[in-house]
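Listed in order, the protein sequences are those of chains A and B. When you number the first sequence by the working numbering, it's gap-free, plus one each residue, and the end is 403. When you number the second sequence by the working numbering, it's gap-free, plus one each residue, and the end is 269.
Hint data in this document are derived by calculation from the structure and do not stem from the laboratory. There's no promise every hint is true.
[What the hints assert, rightly or not] Have a look at the derived ranges for each label pair, beta carbon to beta carbon:
no. : chain 1 : residue 1 : chain 2 : residue 2 : range
1   : B       : G164      : A       : R391      : 37 to 43 Å
2   : B       : Y145      : A       : A395      : 50 to 56 Å
3   : B       : F(-13)    : A       : V233      : 53 to 59 Å
4   : A       : T398      : B       : A158      : 35 to 41 Å
5   : A       : A385      : B       : N78       : 15 to 21 Å
6   : B       : F66       : A       : L86       : 38 to 44 Å
7   : A       : S265      : B       : L72       : 19 to 25 Å
8   : B       : P70       : A       : S265      : 22 to 28 Å
9   : B       : D194      : A       : R351      : 25 to 31 Å
10  : B       : P70       : A       : E262      : 21 to 27 Å
11  : A       : I223      : B       : V259      : 46 to 52 Å
12  : A       : R391      : B       : F66       : 23 to 29 Å
We put the beta carbon where it would ideally sit given N, CA and C, even for glycine.
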Amino acid sequence: MRWLPWIGVAALALIPFLGLGNYPLHLIILCLLWGFIYTGWAVMGRLGLTSLGHGAFLGIGAYVVVMCWNHFGLSPWIGTPIALVVAALVACIIGYPCFRLKIVGHYFALVTMALSEIARMVIVALRDQTGGSLGATPQTALADTSWSIAALQFSSKTVWFYIVLAFWLAGLWVWTRVDRSMARIALEAISQEEDAAASIGISVTRLKLTITIISALMTCVGGVLYAQYQLYINPETVSGIGVSLQMVFGAIAGGMYVRIGPTVGAVFTLLLAEVLRLALGHDIHGLDTMLYGLLLVLFIIFMPKGILGAAAQAWQRRHRAARTATVSN
Amino acid sequence: MFDIFLLEAVINGILFGGVLALLALGLNLIFGVIDVVWICYAELIMIGMYAVYYLHAVYGWPLWLVFPLCILIVAFLGVLLHQFVIRPVLAAEPINQLLVTGGVLFFLQGVATLAFGVEFKNIGVQLPQIQLGELYLSAARLVAFVVALVSMVGLSLFLKRTYLGTAIRAIAQDRAVMPMMGVNPQRIFLITSALGGALAGLAACLLVLQYDIHPAIGLTFGPVVFLVCVLGGLGNLLGGFAAAFIFAQFISVGGYFFHLEWGYVIAFLFFIAAMFVKPQGLFGAKS
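Chain A with its partners taken away, still in its complex shape (with noise of 0.2 Å):
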């Protein structure tokens, strides 16, 4: 089973080659973008700290990139260390006090909630330089080449497939060391009981905003792919309430206990959305926000461990039933 996961690598690499055609690669390319956003939401939420705020470092790590390039000429490879310095100091200065002050549960999460709004608002007001609510454009650097590495812009999706992917892959290793670390397991007791935890010696709000700024770097990062990538980024997709539920869904969804469980939660919500509107064409609106609405209240009624985790719990069930028949025999 250990080289289970070099294949699944390995055929995923060799999807250019399979001649699909913009569109799905286009699809594939979104889904492991998402799902690397996601697994950065869970590296934090599935320790218990829920946190609505990642709009605020999605739109972080894609405005400040795109205002840097348009009006100052900086490329992203200096915008973006920029934006993560940014990105750091926001999850610290909203981390420290909530963990000093154990800002826990509802609370903590309408205090990232009113973050990820602030940002929002931050960015429709300054509409001068962002556009507000029409959305920013970067600069094309392709207007006689197909590629740019100093503007970080490529016209090929096979590039942005194999960037995407190496970044995804990147978030994975990310989550398995966080896995493997004492860390996790510390942070796992704090999850269930705060106090006894901080009683045998462990430094909770430390631990807890180390975890913040990993989770917080990696979501801005992921703005950074995203708007490098869609070329267009607007305040609703990028920050605020709605995208930091839908963070939040696609990691439930999948299952935020499972490494590749945010993405399969990516996965299954853009595929979703895709088939709904095959299926029933551009006309209908709304349609796909309802069943999307529905499904996550079901999910979390009847199956609060997301797809992998429900499909772990039944394979474990099957399996224990096999052997005690086999013991009964």
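Chain A is fixed; fit chain B onto it per the hints.
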């Protein structure tokens, strides 16, 4: 120099505070009793606004009949929400209860888009502007302000003076003990949900006089209402009431000095700062 426009902003802020206070009232009641945050609260109001629009502007029913009907419809939605969505997850992790209503948010938005379209709709009833010297005030906001005050008083009287109200407060204090005292918590929860829904319906009747209706309207004031509730201490009716006015003042006066969005940004920043000073809300009890 005396600034008449600043005064107008302050007064508008107070009136807007009344609307926010009414919105916060229902949400706080639900949280105080059932321990659940209805993230989709603003979407219930949106459905109520559509109900008013269709019954009044399309079918031509008179407003005095439509408004009570709207309140009943949304109260019924509140009951449905509790029975079919909240009840199955009452024993689950608290955060799941918050998120499940987030799913309802998308669901209702989708339903509204599907059934009513994305166009902005207006019921075509315009209350006049009231002129006081050089001040211009919106009558719709004034009405909302008064109704908010009246319903606040009414709700607290109901909770303090009636048997049912006492049972609701008792459940809010200790959910485990009350069944032994002969109170059926599920029934109380349903009644509270209906009450919370009714308050949302009432808010819908007032908001429909001021704003155009569209499927995403919930997102424009929903987040603000949650923050008002948290600022006042979740579940604290009086705290939410006071916080609504503070919040509205920041939005109105901040918006006057800079721009409307900056008013919101300032109010949100104030909210985050306040959370760090008093994590249980400005008026929250120390738990």
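Here's how the hints hold up against the structure:
no.	hint	in the structure
1	B:G164 <-> A:R391: 37 to 43 Å	40 Å, holds
2	B:Y145 <-> A:A395: 50 to 56 Å	52 Å, holds
3	B:F(-13) <-> A:V233: 53 to 59 Å	55 Å, holds
4	A:T398 <-> B:A158: 35 to 41 Å	37 Å, holds
5	A:A385 <-> B:N78: 15 to 21 Å	19 Å, holds
6	B:F66 <-> A:L86: 38 to 44 Å	40 Å, holds
7	A:S265 <-> B:L72: 19 to 25 Å	21 Å, holds
8	B:P70 <-> A:S265: 22 to 28 Å	23 Å, holds
9	B:D194 <-> A:R351: 25 to 31 Å	28 Å, holds
10	B:P70 <-> A:E262: 21 to 27 Å	26 Å, holds
11	A:I223 <-> B:V259: 46 to 52 Å	48 Å, holds
12	A:R391 <-> B:F66: 23 to 29 Å	27 Å, holds
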